[in-house]
Amino acid sequence: MCDTCGCGHDEVIIRKAGDEGHVHHHHSHEHKHSHNDAHSHSHANDGRELIVEEDILQKNNLLAERNRGYFEARNIIAINLVSSPGSGKTSLLERTIKDMKDKNNFYVIEGDQQTMNDANRISKTGVQAVQINTGQGCHLDSSMIRKSLDQIEIKQEGGFLMIENVGNLVCPALFDLGESKRVVIMSVTEGEDKPVKYPEMFSTADLCLINKTDLLPYLDYDLPLSLKYARQVNPDLEFIELSVRSGENMDKWYSWLEKLKPQT
Amino acid sequence: MHELSIAMSIVEIATDHALKDGAEIVTEIEIEVGDLSGVETEALDFAMEAAIKDTICRHAKWNIVHIGAKAFCPEKKKEYDVSDLYSSCPFCGEYGHELKQGKEMRVKSLIVE
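Residue numbers (the working numbering), protein chains in the order written: chain A, 1 to 264; chain B, 1001 to 1113.
Same shape as in the complex, but just chain A (with noise of 0.2 angstroms):
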């Protein structure tokens, strides 16, 4: 519960990898503290309709484009890597990082409603990493993003900014960080059919990752069958299909990343 104003929603933590001691408070949504005072009782007649027609992802939506231009300012391009838990988010990121670091800057925001473990795994690899833990919540939204990003130093221009979004098929599609790109990573120990249980995320996605493909032999994983599922969601998605832990197909996935940056 909240101190400040006794909302509901469970506190936000915001902090650096390593800074265990250190927290900032963030609430995952502005808050406006009203005031009445302005008017008096007798300027209110009862029951007043007034039309309003607002979208209610409005002020996350408006946040995300600041923060993409933010990002496009600084030739920085977003990703937001959302799954369920275990599909191997980030072991991927540690691999992308080690493999790629020595050409490009990396900047990592990791998203879990508890614990450090994550950005001081990420840290280790020697990029600033910075950890929300969002509490109760189940998906990282644009207040959180740009409140991290205060955490962020960029010395130089150009780079990526990885987001690990909460291990969630669910929630976290309905919430714009200002990413350029949105990556949805899959297992070939999940289910075919996560596609089509789970349309939205999939429907919201630029690139599939189908991790864990090592494992392929001692599985009955219907590869073809989950594309198929994938896009009949969305015809537009891309797909590849890697192992972070053999190393397969791992350099498609980096030229994915290096066709993003700036032509110059």
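These aren't lab readings, by the way, just hints derived from the structure by calculation. Misleading hints may appear alongside valid ones.
[Said to hold, decoys possible] Taking lysine-lysine and the DSS-like style, the derived pairs with C-alpha atoms no more than 27 angstroms apart in a straight line are:
id: 1; chain 1: B; residue 1: LYS1103; chain 2: A; residue 2: LYS181
id: 2; chain 1: B; residue 1: LYS1070; chain 2: A; residue 2: LYS59
id: 3; chain 1: B; residue 1: LYS1108; chain 2: B; residue 2: LYS1053
id: 4; chain 1: A; residue 1: LYS228; chain 2: B; residue 2: LYS1078
id: 5; chain 1: B; residue 1: LYS1100; chain 2: A; residue 2: LYS181
id: 6; chain 1: A; residue 1: LYS59; chain 2: A; residue 2: LYS147
id: 7; chain 1: A; residue 1: LYS98; chain 2: A; residue 2: LYS59
id: 8; chain 1: A; residue 1: LYS16; chain 2: A; residue 2: LYS181
id: 9; chain 1: A; residue 1: LYS103; chain 2: A; residue 2: LYS259
id: 10; chain 1: A; residue 1: LYS59; chain 2: B; residue 2: LYS1100
id: 11; chain 1: A; residue 1: LYS197; chain 2: B; residue 2: LYS1070
id: 12; chain 1: B; residue 1: LYS1061; chain 2: A; residue 2: LYS228
id: 13; chain 1: A; residue 1: LYS197; chain 2: A; residue 2: LYS103
id: 14; chain 1: A; residue 1: LYS228; chain 2: B; residue 2: LYS1077
id: 15; chain 1: A; residue 1: LYS103; chain 2: A; residue 2: LYS16
id: 16; chain 1: B; residue 1: LYS1070; chain 2: A; residue 2: LYS228
id: 17; chain 1: A; residue 1: LYS59; chain 2: B; residue 2: LYS1020
id: 18; chain 1: A; residue 1: LYS59; chain 2: B; residue 2: LYS1053
id: 19; chain 1: A; residue 1: LYS59; chain 2: B; residue 2: LYS1103
id: 20; chain 1: A; residue 1: LYS252; chain 2: A; residue 2: LYS181
id: 21; chain 1: B; residue 1: LYS1077; chain 2: A; residue 2: LYS59
id: 22; chain 1: A; residue 1: LYS124; chain 2: A; residue 2: LYS261
id: 23; chain 1: A; residue 1: LYS103; chain 2: A; residue 2: LYS59
id: 24; chain 1: B; residue 1: LYS1070; chain 2: B; residue 2: LYS1100
id: 25; chain 1: A; residue 1: LYS228; chain 2: B; residue 2: LYS1103
id: 26; chain 1: B; residue 1: LYS1100; chain 2: A; residue 2: LYS228
With chain A fixed as given, assemble chain B onto it according to the hints.
Just chain B now, kept in the frame of chain A:
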């Protein structure tokens, strides 16, 4: 349960508009929710009960108006009803046609005092 964030945004929008109009209390909130917006009505009802607490919407009743989803077939130039995101077009058999409606999440109107 992203419906809690959605509910809190609804209350925030309602509060902003009511205060701007000089109202002191919101008694009704009309919300439009598209069938493919990704919002569960039951979860939203549950979340709204929590979100209105200690706000000027605390005595408000809310009314959720459902908007059926429709897509457009560019080949036949016809609209059709859609019940999910993974079915093909009944006219041409293609997938992924643009939705014309059904993604709405909007605060439509309020009754304030």
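inquiry  = Check the hint pairing A:LYS252 with A:LYS181 against an upper bound of 27 angstroms on the C-alpha distance.
reply    = Holds, at about 16 angstroms.
inquiry  = Please verify whether A:LYS103 and A:LYS59 have alpha carbons no more than 27 angstroms apart.
reply    = With Cα atoms ~36 angstroms apart, A:LYS103 and A:LYS59 exceed 27 angstroms; violated.
query = Are the Cα positions of B:LYS1070 and B:LYS1100 separated by 27 angstroms at most?
reply = 5 angstroms, holds
request  = Verify the proposed pairing of A:LYS59 with B:LYS1103, using a straight-line Cα cut of 27 angstroms.
outcome  = Within the cut-off at roughly 17 angstroms; holds.
key: 27 angstroms limit on alpha-carbon distance, applied to hinted pair B:LYS1061 and A:LYS228   = 44 angstroms, violated
task = Verify the proposed pairing of A:LYS59 with B:LYS1020, using a straight-line Cα cut of 27 angstroms.
result = Within the cut-off at roughly 17 angstroms; holds.
query = Is it true that the CA of B:LYS1100 sits at most 27 angstroms from the CA of A:LYS181?
reply = Distance ~24 angstroms between B:LYS1100 and A:LYS181 Cα, so the pair holds.
query = Does the structure keep A:LYS59 and B:LYS1100 at a Cα separation of 27 angstroms or less?
reply = The hint holds at about 22 angstroms.
ask   = Holds or violated: A:LYS197 with B:LYS1070, Cα cutoff 27 angstroms?
value = 20 angstroms, holds
ask   = Is the hinted pair A:LYS103 and A:LYS16 satisfied, with a Cα-Cα distance of at most 27 angstroms?
value = 23 angstroms, holds
key: Hinted pair B:LYS1103 and A:LYS181, Cα distance within 27 angstroms   = 21 angstroms, holds
ask   = Are the Cα positions of A:LYS228 and B:LYS1077 separated by 27 angstroms at most?
value = 26 angstroms, holds
Checked against the numbered hints given earlier, this structure breaks hints 7, 12, 13, 21 and 23; the rest are met.
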